Structure formats: structure tokens, C-alpha cells
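Colleague: As a plain string of letters, each chain reads:
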Amino acid sequence: MYEGVVQDLIDELGRLPGVGPKSAQRIAFHLLQADSLDVTRLVSALVEVKEKVRFCIVCGNVAEAEQCRICSDPRRDLTYICVVEEPKDVVAVERTREFRGRYHVLGGAISPIEGVGPDDLRIKELLTRLADGAVTEVIVATDPNLEGEATATYLARLLRPLDLKVTRLASGLPVGGDLEYADEVTLGRAFEGRRVLDV
Amino acid sequence: MALYRDAAIVLRAQKLGEADRIVTLLTRQHGKVRAVAKGVRRTRSRFGARLEPFMIVDVMLYEGRSLDTVTQAETLAPYGDPIARDYVSYTAATAMLETAERLTEEREPAMQQFLLLAGGLSALAGGDHEAGLVLDSFLLRSLAVAGWAPSFHDCARCGAPGPQRAFNLASGGTVCPSCRTPGSALPALATLELLAALLVGDWDVADQSLPQHRREGSGLVTAFLQWHLERGVRSLRLVERV
Ligand SMILES: [Zn+2]
Ligand SMILES: [Zn+2]
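So the protein lines, in turn, are chains A and B.
The first sequence begins at 1 in this note's numbering and counts up one residue at a time.
The second sequence begins at 1 in this note's numbering and counts up one residue at a time.
No lab work stands behind these hints: they were computed from the structure.
Please note: incorrect hints may appear among the correct ones.
[Claimed, not checked] In silico DSSO-like pairs for lysine-lysine, Cα to Cα no more than 30 Å straight-line:
#1 A:Lys22 <-> B:Lys38
#2 A:Lys124 <-> A:Lys165
#3 A:Lys88 <-> A:Lys124
#4 A:Lys88 <-> A:Lys165
#5 B:Lys38 <-> A:Lys88
#6 B:Lys15 <-> A:Lys52
#7 A:Lys124 <-> A:Lys50
#8 B:Lys15 <-> A:Lys88
#9 B:Lys15 <-> A:Lys22
Here the structure is a predicted model, which is why all the values come from computation and not from measurement.
Chain A with its partners taken away, still in its complex shape:
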């Protein structure tokens, strides 16, 4: 344990995802030794991101206005919705240039062992978006791992009574990986080869 404020910093850093106690300590001492201008820049970036960036009221993607850049773009096709887990997955799909519709960010995947159930994700919001019948296809692009598959299964079952097509990216995406690590070509191909989910 260190003196007051230093330990506070280590504790705060240790709460970040993927930062263990050792890394937290390393980052803390790096900051202590860093130029104070560099630290000020980091602080203002942190403050600014919390002040300026919010979540799109339509799709849940990160946005600098009420609606994100994609939802407010009139050239996007309103008949397709691509469902992803996280905002970073929107970036991954956008890179492929295969998809011209809009997105829906769930905020994670169904993981009962982590205490995350359907009600903890933005699934009700998805149903609301589908209510007017304008969307004809929902493409489920959750991660190609167990929780992503189970979430896709749940969505397919939930959306079955609606008059629309529910598809899943083609297998060929390596199972067990994160969507964001798939290269553009593989992900683009998975989009083209998507299959109808029937449960």
C-alpha cells in the first residue's frame, strides 16, 4: 500500500477493464513521473469525452449530438438494422463498407453467469424501433462466441412473430473471437453470406 493519493490513483486505475493491480501501479508511477503538460492533456481528454460524447437516442452508438452520425445520415437505408454488442463493433462493420443500413447497439451480450439478462440490454429499444414495420431485415452481428450466439438465438426467437427477416453473419468468422478483430475482408464476406436464423 502507498500513501493516500497515490494509492487512490492506483485503485481508480485498477478499476479500468483489463488493468490488473500491477499495471495500475505501473501506470500510476508513469503518470507521477510524466511531464505535467502531458497529464493535463490526458485529464482534459477524459473530461471532454464525458462532457461531449453521449449515446445516440436511436441506436445506442456513441454520438456527439442527440443522434449519431449514422442515424442522422439521410443516405442510410432504413429497411436494414444491424445489431451489434458494442459501439466498437459499429466501427468494425463500417470498415467493411458492405452495410448501408443503420445499427442497434445492445450494450453487451446475454451472460447469465455475469448477471446480464435480456432486460439489461437495449432489447426493448430494438422492439420499439421495429414497431412501425419499416425494417425488413435485422442482421444479428453479435460476437462469434458463445454469448454472442446465445444472444442471437434469443433475438431470433423474440423477433419470430414479426414480419421481417432475421439473419446472422455467415460462419467463417472464427468462433471464439471478438468481432472487432475480424479483418475487413472476412467480415465483409460474412455479411454477404449471412443466413436466415430459424429457431
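Here the structure of chain A is known, so what remains is to put chain B with the ligands in place on it, guided by the hints.
Modeller: Here is chain B with the ligands on its own, set in the frame of chain A:
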């Protein structure tokens, strides 16, 4: 530090850093083991798919101080895919994993729990019986292995021969009229028969049970499990019952 090989069921997979994962394994010989699997979230990883929950794998592990490291993993039974394709099975299977995780200790051999869980996952993946029944049977039997076998016939306190009707959590199952304390439940006799069948794996009886008895039975099993486990099993809340 030693290298060892074992059969293992993947109980949990948590993200670590950029591309790694910490997996919690229930091994056949070495009890519960936590290990790092490096690079598995990169899409070119050879064993990412094999180290997903519900998979049974043949693993090679390198012993570490707190965490071991997975160096190789080959699939023995690919239960992940069939289970993830049925949402009811998925929630039941998740509750099984969490219960097994709670009832076992790190590096303390628990072969019976391993075999029970492997059997339960196989039944869910194969759709052998209704998922809720498979779950309840697993929960009862793993509690029994942990030393908390409930009684569904004789009196759990004094042994008075059954069938006894009242069910009391604190007493460990059915109780006779003289041992009965306030707060005992009075389930249907058929529910107690179903639970007794699930405890010993008598599927002929269990498969023929009626929905209302399955519902009542799963309520009792859940209460019994939560009674014995301090913090409760949180995925049970999300189990879908048909
Ligand atoms: Zn949006
Ligand atoms: Zn008695």
C-alpha cells in the same frame, strides 16, 4: 513449474487485456483451475472456440503461482454450439456451470462433480430430456455430492419412514409431523416423487411428470440450493422454464 494434462469443462471465460482470456476450468483430476489462454480472442487463434463455456476439452496446462497457462486444447465434446442454439438450454446450462463453480474448490479434485456436469451438459446438448428437468436433476445431485443430499421420502431429522409430506429447507427435506417446524412447505406428493426420481436419475418417472409438479419441484430445488450457498447462484434468476 510443471506441465500437466487433463480433461476439463470450461466453466467461465473472461476477457483479459487486449486479446487474452482467463478461463475457469473444472478438470477431471485437478479440481477447479483458473488459467490464462493467450491470444484466443484474435480471430486467427487456433483454440479460441475450444475454450468457450460448455466445451469439454483435453488441455495441456503449465502450472503457475496463481494462474496456470493453457498451452494446448483439443475438443472432446463440442457442447457449446447446440446449447447456444436453444435459449432455454443455454440458461439451464449456465446455471449448471455456476453451481459447479460454487460447489468446487481450486485445485481440490472433484471427479464426481466433473462427471455430473459432463453428463448434464451432454443431456442438454442432445435434447434428451426437458432442459428444466436436466437442470434440477443436476442441482440435486451436485448438492448431494457436496454432502447436502435432501430427503424426499423419510423424515430428514429423525428418519421416520415416509412418505412424509412436509418439506423444510433448514431440516434438509421432508419432515415427519413431530419434527415439523413452522415455515414448512406442503408440496404435492407427486412433486416429491419427481424430486426423488431426479435425485437418483430415474428418467422414466421424471419424463412422465406433469408441468405443475415440475414447476413446484424446481421452486423447491432452487430454494434448497440458495439455502446452502451463501451468495446464491445468480444465473438461476435468468433460467427460462417452459
Ligand atoms: Zn444512432
Ligand atoms: Zn421426524
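Colleague: Each of the hints needs a verdict: does it hold here or not?
Modeller: Results for each hint:
1. A:Lys22 <-> B:Lys38: Holds: Lys22 of chain A and Lys38 of chain B sit about 18 Å apart, inside 30 Å.
2. A:Lys124 <-> A:Lys165: 18 Å, holds
3. A:Lys88 <-> A:Lys124: OK: Lys88 of chain A and Lys124 of chain A at ~21 Å, within 30 Å.
4. A:Lys88 <-> A:Lys165: 25 Å, holds
5. B:Lys38 <-> A:Lys88: 22 Å, holds
6. B:Lys15 <-> A:Lys52: With a Cα-Cα distance of about 28 Å, the restraint between Lys15 of chain B and Lys52 of chain A holds, given a limit of 30 Å.
7. A:Lys124 <-> A:Lys50: At roughly 25 Å apart (the allowed maximum being 30 Å), Lys50 of chain A and Lys124 of chain A satisfy the hint.
8. B:Lys15 <-> A:Lys88: Since the Cα atoms of Lys15 of chain B and Lys88 of chain A sit roughly 16 Å apart, the hinted pair holds (cutoff 30 Å).
9. B:Lys15 <-> A:Lys22: Within the cut-off at roughly 17 Å; holds.
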